[in-house]
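Chemist: Next come the chains, spelled out residue by residue.
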Amino acid sequence: MIPTSYYLALSALLFTLGVAGVLTRRNAIIVFMSVELMLNSANLAFVAFARQFLDLSGQVFVFFVMVVAAAEVAVGLALIVAIFRSKQSISLDSLNQLKG
Amino acid sequence: MFSLAPLVVLFPLAGFLANLFFGRRLGAQQSGLLAVVAAGASFLVAVLQLAALAGNGFQPATVPVADWLRLGDFHVRWAFQIDSLSATMMLVVSGVGTLIHIYSLGYMRADVEHNGDPGRYTRFFVYMNLFLVSMLTLVGADNFLMLFVGWEGVGLCSYLLIGFWFEKGEGGVGNARAAMKAFVVNRIGDFGLLLAMFLIFWTFGTLTFGELFERLEAVRLDAAGQWIVVAITLLLLLGATGKSAQIPLYVWLPDAMAGPTPVSALIHAATMVTAGIYMITRAHPLFALAPLSMEVVAWIGAATALFAATIAVAQTDIKRVLAYSTISQLGFMVAAVGLGAYVAGMFHLVTHAFFKALLFLSAGSVIQALERGAHADAHGGQSGEAPIDPQDMRHMGGLWGRLPVTRWVYLIGALALAGLPPLSGFFSKDEILLDAFAHNLVIYVVLSVAAFLTAFYMGRQVLMVFFGRPRSAGAAHATESPAVVTTPLVLLAILSALGGLLNLPAFDEHGYAGALIFKEFLGHTLEAEALPLNWGVAGLATALALAALGLAYALYSRAYASAQDRDPLQGLLGPVFAWLRDKWYVDELYGRLVVRPFHTLSQVTARALDLGGVDMTFNNLGELARAAAAGFSRFQLGYARRYALVMFAGAVAVLVYFLMAR
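Heads up: the sequence lines are chains A and B, in that order.
Residues in the first sequence are numbered from 1 upward in steps of one, following our numbering.
Residues in the second sequence are numbered from 101 upward in steps of one, following our numbering.
Possibly wrong hints are sitting among the right ones.
A few chain A residues that don't get close to chain B, going by computed Cβ distances all over 12 Å [stated by the list, open to error]:
1) SER5
2) ALA50
3) GLN52
4) LEU56
5) MET66
6) ALA74
7) PHE84
8) GLN88
FRET-style restraints, in silico, Cβ to Cβ [as the list claims (entries may be wrong)]:
9) B/PHE718 x A/ALA9: 55 to 61 Å
10) B/PHE748 x A/ALA70: 20 to 26 Å
11) A/SER5 x B/PHE748: 22 to 28 Å
12) B/ASN720 x A/ASN27: 45 to 51 Å
Derived from the structure by calculation, the hints contain no laboratory data.
Note that the Cβ used here is the ideal one computed from N, Cα and C, for glycine as well.
Working from the sequences, and respecting the hints, build out all of it.
Modeler: Following this line, the structure appears as structure tokens:
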């Protein structure tokens with residue numbers, strides 16, 4: 001059986017990739033995808049622990065995360081479309097009207 | 101029957117609310133009638149209460165309506181106390197009130213036309229009904245707190261009605277200023293009443309009259325308690341001097357004449373100003389424990405009676421004479437209750453309500469007759485006379501032939517006030533003089549001099565108004581008022597003439613059927629004493645009144661050929677006359693002693709404390725918040741990724757903290 005620590009290492013790697021993507025990319029869609037990456041890395045950690053401790057609640061939690069992520073994608077993409085219509089751009093740096 | 105007692109207040113309350121919300125929609129005519137019906141219904145209920153009392157052997161009854169406050173031991177409820185004292189007041193207030201409401205139907209119609217704002221007709225009746233609500237609450241209360249509600253309510257109505265034409269008067273603010281003065285001066289008295297109530301609750305633990313008077317025994321033998329009762333009664337007296345216009349707080353009443361004449365009659369002569377006398381009478385068991393306070397009350401009353409009478413002698417405004425006369429007569433009543441002669445005080449209160457309301461209403465009739473005369477003259481174009489002050493007696497004269505009803509009722513009112521037998525004023529004033537004679541000779545002499553002056557200024561007034569030659573075009577063309585105005589006058593004149601029947605004096609201690617009815621009646625509530633008639637006192641009082649009227653006739657029957665003439669008293673009294681005419685300069689004295697220092701003080705505090713202290717503190721606090729906001733807003737760059745980075749750093753920091761803390 002593959003040790004749990006391998007899964008956790010992969011999860012941490014994926015999460016770091018996600019964070020790096022959010023912090024460095026300007027394109028809203030890429031940022032969005034990076035957020036999904038972070039969510040899924042967390043899912044991976046959940047199922048890994050669920051398997052180790054033989055506890056199904058970790059797996060159930062993953063389903064919840066996926067449902068929420070799906071809803072978030074729906075809303076988020078709609079927002080991006082709306083922003084593109086008004087700004088002709090989806091660069092996050094052009095959305096700075098709320099600065100002090 | 102007693103259960104109907106709340107209706108005495110609820111009827112005017114309904115009239116007040118209906119006129120307040122729907123008055124405009126009802127139209128002037130209907131709203132006026134509604135107010136009259138409300139007042140009349142209230143009077144009927146008061147009569148029913150009297151009948152109920154009679155059926156109950158005149159035993160007092162308490163009619164609870166609702167719980168009001170319950171805080172620990174402190175319990176106050178809305179409840180009506182029906183006994184012979186409150187029933188008397190209810191009958192006077194609602195009875196005279198109803199007559200004055202009827203009179204106002206006609207008077208105010210002309211008044212709003214004359215002042216050029218017919219829309220205000222309804223408002224007048226709204227205030228009047230509210231006044232009845234407050235006054236009947238005051239007299240019906242079974243505890244001090246409910247009495248205080250009525251007490252403040254009548255003060256509010258007084259303020260509203262004095263300032264009824266708030267945009268008129270001297271410099272466009274005269275009436276508003278008079279209203280404010282009445283309110284502020286009354287507040288000083290109210291403050292005394294409030295403190296008295298605090299002290300009563302602190303000492304006796306109750307504000308309900310019945311319970312309070314039962315608990316008085318506890319302090320009767322206690323020296324410290326005695327002094328507390330003295331303090332309570334003196335504070336109550338301060339309240340009474342405010343509401344009942346006694347020295348030193350009487351100054352608001354003459355200025356209150358800025359209100360329409362029915363207001364002067366109802367509030368500032370017949371009912372509201374007697375609230376102080378009623379309150380002292382109601383609290384008589386307290387006063388009985390404080391002989392010192394009784395002494396003070398008697399002296400303040402006597403001093404006010406004389407002082408105000410001297411001023412009335414030299415006034416030229418028809419209503420001001422009556423105003424000072426009212427202060428003086430209230431002084432008689434206060435002196436009476438101070439001497440322990442509660443029945444005499446209440447008796448004079450009742451008859452005074454009749455004849456002083458009559459005099460004020462008749463004066464209103466005279467004033468409007470003059471306004472009509474001036475109006476007719478201006479339209480007829482007979483003489484181009486400048487408009488005159490229709491309240492100035494110097495511009496009247498010769499109205500005897502022109503006002504066939506008003507002249508008789510005015511004469512009856514004036515003679516009743518002067519104290520000529522067999523009119524009501526003679527009996528009530530004689531009873532006060534009799535008690536003064538029996539208890540305190542100095543006060544008796546003071547009151548007798550005041551009575552002499554009373555007869556003199558009333559003689560002067562009648563002669564100046566009705567006799568001699570007309571001294572203005574208005575007086576020359578004056579016409580009698582309509583029936584709606586004169587009918588209440590006639591009714592009041594009958595009451596003024598026959599009011600003495602209420603309490604005919606007894607010739608010896610046995611009395612006779614029909615003597616001292618009022619004393620018997622009030623005797624169920626108060627410890628009433630009645631001295632048998634003293635022919636010397638009565639004869640001297642009558643002789644003084646006749647002498648004063650004769651003196652007035654000698655001086656004024658041929659005086660004032662024209663409005664610019666000198667007053668004959670001026671020649672007689674020399675410089676003293678100016679002092680009398682200018683009201684002993686009390687207003688100026690108060691202005692110098694109280695008003696101006698107060699102004700200066702408020703200027704100083706406004707600048708130093710308000711602008712320099714409070715304003716500066718809060719301005720600086722605001723400035724600080726604004727600066728802080730400007731500083732912190734730098735963080736709001738608007739770049740989402742930067743926010744994410746900060747969040748990330750924060751998350752890492754939290755994580756590191758927990759890992760290190762392990």
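Chemist: Next, verify each hint and record whether it holds.
Modeler: Hints, one by one, checked against the model:
For A/SER5, the condition that its CB be more than 12 Å from all CB atoms of chain B holds, with the nearest at approximately 18 Å. Distance check on A/ALA50: its Cβ is at least 23 Å (rounded) from any Cβ of chain B, clearing the 12 Å threshold; non-interface status holds. The beta carbon of A/GLN52 is kept farther than 12 Å from every beta carbon of chain B, the shortest such distance being approximately 21 Å. Its beta-carbon lying about 28 Å from the closest one in chain B, A/LEU56 satisfies the requirement of being farther than 12 Å from that chain.
The Cβ of A/MET66 lies farther than 12 Å from every Cβ of chain B, with a closest approach of about 23 Å, so its non-interface assignment holds. At roughly 20 Å, the least C-beta separation between A/ALA74 and chain B is larger than 12 Å, which holds for a residue marked as non-interface. The claim that A/PHE84 is not at the interface with chain B holds, since no C-beta of that chain comes within 12 Å of its own (minimum 15 Å). Non-interface call for A/GLN88 relative to chain B: holds, since the shortest CB-CB distance, roughly 18 Å, exceeds 12 Å.
A C-beta distance of roughly 60 Å is found between B/PHE718 and A/ALA9, which places it inside the suggested range of 55 to 61 Å. For B/PHE748 and A/ALA70, the hinted distance range of 20 to 26 Å is satisfied, since their beta carbons lie about 24 Å from each other. Between A/SER5 and B/PHE748, the C-beta spacing of about 24 Å keeps the proposed range 22 to 28 Å intact. The supplied range of 45 to 51 Å is met by B/ASN720 and A/ASN27, whose beta-carbon atoms lie about 48 Å from each other.
Of the numbered hints stated above, none is contradicted by the structure.
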